[in-house]
Amino acid sequence: GENVEQHPSTLSVQEGDSAVIKCTYSDSASNYFPWYKQELGKRPQLIIDIRSNVGEKKDQRIAVTLNKTAKHFSLHITETQPEDSAVYFCAAFKGGGSYIPTFGRGTSLIVHP
Amino acid sequence: ETGVTQSPTHLIKTRGQQVTLRCSSQSGHNTVSWYQQALGQGPQFIFQYYREEENGRGNFPPRFSGLQFPNYSSELNVNALELDDSALYLCASSLLRGNQETQYFGPGTRLLVL
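Protein chains in written order, with the numbering used here: chain W, 1 to 113; chain U, 114 to 227.
Just so you know, these hints were derived from the structure itself, not from any lab.
It cannot be assumed that every hint is accurate.
To be verified - The calculated SDA-like cross-link candidates involving lysine to any residue, where the alpha carbons are at most 20 Å apart (straight line), are:
no., chain 1, residue 1, chain 2, residue 2
1, W, Lys94, U, Gly129
2, W, Lys22, U, Ser120
3, W, Lys42, U, Asn143
4, W, Lys94, U, Phe173
5, W, Lys94, U, Ser120
6, W, Lys42, U, Phe173
7, W, Lys42, U, Gly169
8, W, Lys94, U, Asn143
9, W, Lys94, U, Leu124
Next comes chain W alone, as it looks inside the complex:
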């Protein structure tokens, strides 16, 4: 089955710095890669996603890049703010009618004011 590795498990940055979280996946049939932000005690919320026919996608301070050949994708957050502090999860979805999503173990991002 699919295996998704996420690094680092914890990331501590100063406000205004950039943060990068990386995920690798094993199954080349995976074709949809969302990123979720989960604040303590709350539901995961989709922040950005990318499909396998696209290499990069941006939404204001957030961007995701995908390298299909190397089977890895990354989340980039620029100009971090304290409210960005949360746990971030990557996921890989294998399509084709019936799909099985696999999530990474999460990255705890701490943004110090």
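Take the given structure of chain W and dock chain U to it, following the hints.
Quick look at chain U alone, frame taken from chain W:
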């Protein structure tokens, strides 16, 4: 916030009991997925229902079963509860059409098995 709701919010059961968790999908969504999230871990996919039929299953034993109703609401049933079943159970709804897989999570049900 999404339009996905779950009930109950919290539940305490004892080992061996059975539990039913409920999810109401976002309006217009025809697909619901269920996840188990243990403390400090990412969500683990249990199964997905599309138009009332199971459409994919993760590595969970048969004592985890589900239903999706014509109005696209859903239930997760767990029989013979074990201590390790203690977790946050999340449902997520989506519109499975073409390559649309974007999922929207509910707030979850926190289950404690004693």
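- prompt: Does leucine 124 of chain U lie within 20 Å of lysine 94 of chain W when you go C-alpha to C-alpha?
  reply: 32 Å, violated
- request: Would you check the hint for lysine 94 of chain W and glycine 129 of chain U, treating anything up to 20 Å between C-alpha atoms as holding?
  value: Since the Cα atoms of lysine 94 of chain W and glycine 129 of chain U sit roughly 34 Å apart, the hinted pair is violated (cutoff 20 Å).
- prompt: Keeping to a limit of 20 Å between CA atoms, is the pair of lysine 94 of chain W and serine 120 of chain U held or broken?
  reply: 29 Å, violated
message: Check the hint pairing lysine 42 of chain W with phenylalanine 173 of chain U against an upper bound of 20 Å on the C-alpha distance.
response: Violated, at roughly 24 Å.
message: So if I understand the rule, the pair passes when the alpha-carbon distance is 20 Å or less; does lysine 94 of chain W with phenylalanine 173 of chain U pass?
response: 18 Å, holds
message: For lysine 94 of chain W and asparagine 143 of chain U, compute the direct alpha-carbon distance and say whether it is at most 20 Å.
response: Holds, at roughly 18 Å.
message: Against the 20 Å threshold, does the CA-CA distance of lysine 22 of chain W and serine 120 of chain U hold or violate the hint?
response: 34 Å, violated
task: Verify the proposed pairing of lysine 42 of chain W with asparagine 143 of chain U, using a straight-line Cα cut of 20 Å.
output: It is violated: about 24 Å lies between the C-alpha atoms, which goes past 20 Å.
task: Decide if the proposed pair is consistent with the structure: lysine 42 of chain W and glycine 169 of chain U, CA atoms, cutoff 20 Å inclusive.
output: 26 Å, violated
Hint compliance for this structure: hints 1, 2, 3, 5, 6, 7 and 9 are not met, and every other hint is.
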